[in-house]
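Going line by line, the protein sequences match chains A and B.
Residue numbering for the first sequence follows the numbering used here, beginning at 1 and increasing consecutively.
Residue numbering for the second sequence follows the numbering used here, beginning at 306 and increasing consecutively.
Please keep in mind that the hints were generated in silico from the structure rather than gathered at the bench.
Among the clues, some could well be false.
[Said to hold, decoys possible] Which stretches of chain B does chain A cover? Using the computed rule of at least three CB atoms under 8 Å from a CB of chain A, they are:
hint, region
1, 323-336
2, 355-365
3, 379-388
Nothing here was measured: the structure is a model prediction, and the numbers come from that model.
Cβ atoms here follow ideal geometry from the backbone N, Cα and C, with glycine treated the same way.
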Amino acid sequence: MTQTAAAGSLRSADKAMATDTVLAPKGRRNGVLAVRIVVLLLCLLWLVPTVGLLVSSFRSEEAVDSSGWWTVFSSPLDFSQWTLQNYSEVLGENEMGTAFVNSLVVAVPATIIPIMMAAFAAYAFTFMRFKGRDTLFVIMVGLLVVPLQVAFVPLLQLLGGFGLVGTFPAVWLAHTGFGMPLAIYILRNYMASLPRSIIESAEVDGASHFRTFWSLIMPMSVPALAAFAIFQFLWVWNDLLVALIFLQTDTPVVTSQLRNLIGELGQQWHLLTAGAFISITVPLIVFFALQRFFVRGLTAGSVKG
Amino acid sequence: MAIVTYDQASCVYPGATSPSVDKLDLEIRDGEFMVLVGPSGCGKSTSLRMLAGLEEVSSGTIHIGERDVSRMPPKDRDIAMVFQNYALYPHMTVADNMGFALKMAGMGKEERATKIKEAAKLLDLEDYLDRKPKALSGGQRQRVAMGRAIVREPQVFLMDEPLSNLDAKLRVSTRSQIASLQRRLDVTTVYVTHDQVEAMTMGDRVAVLKDGLLQQVDTPLNLYDRPRNAFVAGFIGSPAMNLMTGTVTEEAAKVGDLTIPLDAETRSKLGGDKEVTVGIRPEAFTRVGADEPGLDATINVVEELGADAFVYASLVGSDEGEIVARHDARSVPERGKPIRLGVLREKVHLFSVTTGERLPD
Numbered sequence: 001m002t003q004t005a006a007a008g009s010l011r012s013a014d015k016a017m018a019t020d021t022v023l024a025p026k027g028r029r030n031g032v033l034a035v036r037i038v039v040l041l042l043c044l045l046w047l048v049p050t051v052g053l054l055v056s057s058f059r060s061e062e063a064v065d066s067s068g069w070w071t072v073f074s075s076p077l078d079f080s081q082w083t084l085q086n087y088s089e090v091l092g093e094n095e096m097g098t099a100f101v102n103s104l105v106v107a108v109p110a111t112i113i114p115i116m117m118a119a120f121a122a123y124a125f126t127f128m129r130f131k132g133r134d135t136l137f138v139i140m141v142g143l144l145v146v147p148l149q150v151a152f153v154p155l156l157q158l159l160g161g162f163g164l165v166g167t168f169p170a171v172w173l174a175h176t177g178f179g180m181p182l183a184i185y186i187l188r189n190y191m192a193s194l195p196r197s198i199i200e201s202a203e204v205d206g207a208s209h210f211r212t213f214w215s216l217i218m219p220m221s222v223p224a225l226a227a228f229a230i231f232q233f234l235w236v237w238n239d240l241l242v243a244l245i246f247l248q249t250d251t252p253v254v255t256s257q258l259r260n261l262i263g264e265l266g267q268q269w270h271l272l273t274a275g276a277f278i279s280i281t282v283p284l285i286v287f288f289a290l291q292r293f294f295v296r297g298l299t300a301g302s303v304k305g
Numbered sequence: 306m307a308i309v310t311y312d313q314a315s316c317v318y319p320g321a322t323s324p325s326v327d328k329l330d331l332e333i334r335d336g337e338f339m340v341l342v343g344p345s346g347c348g349k350s351t352s353l354r355m356l357a358g359l360e361e362v363s364s365g366t367i368h369i370g371e372r373d374v375s376r377m378p379p380k381d382r383d384i385a386m387v388f389q390n391y392a393l394y395p396h397m398t399v400a401d402n403m404g405f406a407l408k409m410a411g412m413g414k415e416e417r418a419t420k421i422k423e424a425a426k427l428l429d430l431e432d433y434l435d436r437k438p439k440a441l442s443g444g445q446r447q448r449v450a451m452g453r454a455i456v457r458e459p460q461v462f463l464m465d466e467p468l469s470n471l472d473a474k475l476r477v478s479t480r481s482q483i484a485s486l487q488r489r490l491d492v493t494t495v496y497v498t499h500d501q502v503e504a505m506t507m508g509d510r511v512a513v514l515k516d517g518l519l520q521q522v523d524t525p526l527n528l529y530d531r532p533r534n535a536f537v538a539g540f541i542g543s544p545a546m547n548l549m550t551g552t553v554t555e556e557a558a559k560v561g562d563l564t565i566p567l568d569a570e571t572r573s574k575l576g577g578d579k580e581v582t583v584g585i586r587p588e589a590f591t592r593v594g595a596d597e598p599g600l601d602a603t604i605n606v607v608e609e610l611g612a613d614a615f616v617y618a619s620l621v622g623s624d625e626g627e628i629v630a631r632h633d634a635r636s637v638p639e640r641g642k643p644i645r646l647g648v649l650r651e652k653v654h655l656f657s658v659t660t661g662e663r664l665p666d
């Protein structure tokens, strides 16, 4: 169920990126038409599941249960088959608003905390010389292979010891931990690609590590930070498992609320389609808000290449 | 303003078998413009970075004035560095770039602004203070990098090939600008370049390095006239000095039909060597008639530069490489034609084949 929502939003992300690719070579018009057509077709293909979900969300319960979503295209102008019933049912549910707030309370810190910590770590791994640096980095990245399910029981015990289980900080910490290896990996690799002489210049200019980090590295790392922020936010927003385990049932997030919505036996799954689309809106906003930071050549003009 | 002293300073990179800079002894006088020059990998940049504190001094010491800076962090050394790729801070304006170090030093905003203004005026950057590096041309970026160093009023300027990213024309004009700026500011400067023309034109003195070893330190003209060894002889000067192998006879060294008399001192220095390296600068050659002593050669290429012409020719009956000779630009010989080149004895440099050392004239 979460998967569907995740798939939906990721598809949208794919689409936005693909459109960029098509527009990029606008300058040179000399016949890359075939490429564009292929890319367009691929985009459409990738969009199929999302379109199916969207169409289904506007159909009545009986229609969803009896025929496939593609049948609507035989008579798309037959407005009697369209309904907003699903949306009004989902939105009418007053738990949904609270769930949105809960999700934000979970997702925002669970995105910012790992980014901040990982950025510090990545800086140290890239620019500071200390013993065992590379070994430590390899171990960190190696943690990527640990499946998160394996960590649940020890983590519950650990957090239980602090009386945190069931609270928001528990989820923040869990997501931070799970997101950290990838974040460090991505940010370190990005920072390693920054011109080394800039750091040296800062060193000669008398900037401390702390100063260099905040005044130079952070502003120059914005593309990588934005990329990881989107990634982590989407992951946390769409996560059901961690929230179910570490959060109390009286503070449900959107994903668990959606699950509650469809009932024990899944008899109301038509509601899921509408619910999924509503929950997609936030990741979409985040994506488009951060997309403008994906700028190439942020270091342009700094060093002569 | 200070004297910089390298005292047996070495730098060994971790994992490297031989030192990148090997026991460098060098004294740079107060206000002097010292150029470190050499082929790539000779340790010139490493020497500079050791002075900057960006590279560890493995053994020996470096002094700036009275202070031993060998173990000091860069910020405490009172130096300013201009990087080859400028290393400007891309998200800051020109003014912020220039003021960064001052800000780090805790200087007040107004004082900073005044200093930046002064430096910008000096470098003709006043109109660009609010721009970001992205919106500047290569030459302007270079000047910002210079400005960043100037505002700090350091004891020593360090410049690591600051001109190598400029186009040829701009390089020539910036070259003289930097040199005159340095003379005006009178700040001790260490300048690294691989371009021997830059070294000759800018430096008060030039230090030639090879494989981490200092070969010779002297004024540009002395380096040119009295190179201490064959490497310096071949490195300094453009086109390079012709280095040929001559056979040693009782009284003289012979290259082709050219006989170079050897005095007693030189002969004793030669020891048992049967050969000697004969160095002749391109401009030392003159065209001579068939009855005069000279080298017979066949012309391969003639380069006409307007003021001068350079003749590239291979020696007849010798497996020596090509030699190059300067020729009067208005009466150049044709390609493929024979040419006979003579030279005055006092214009010939002799070097030992075994050690490469200069032999007394």
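(request) Could you check the structure against the hints above and give me the numbers of any it violates, in ascending order? (result) Number 1 - this is the single hint that the structure violates.
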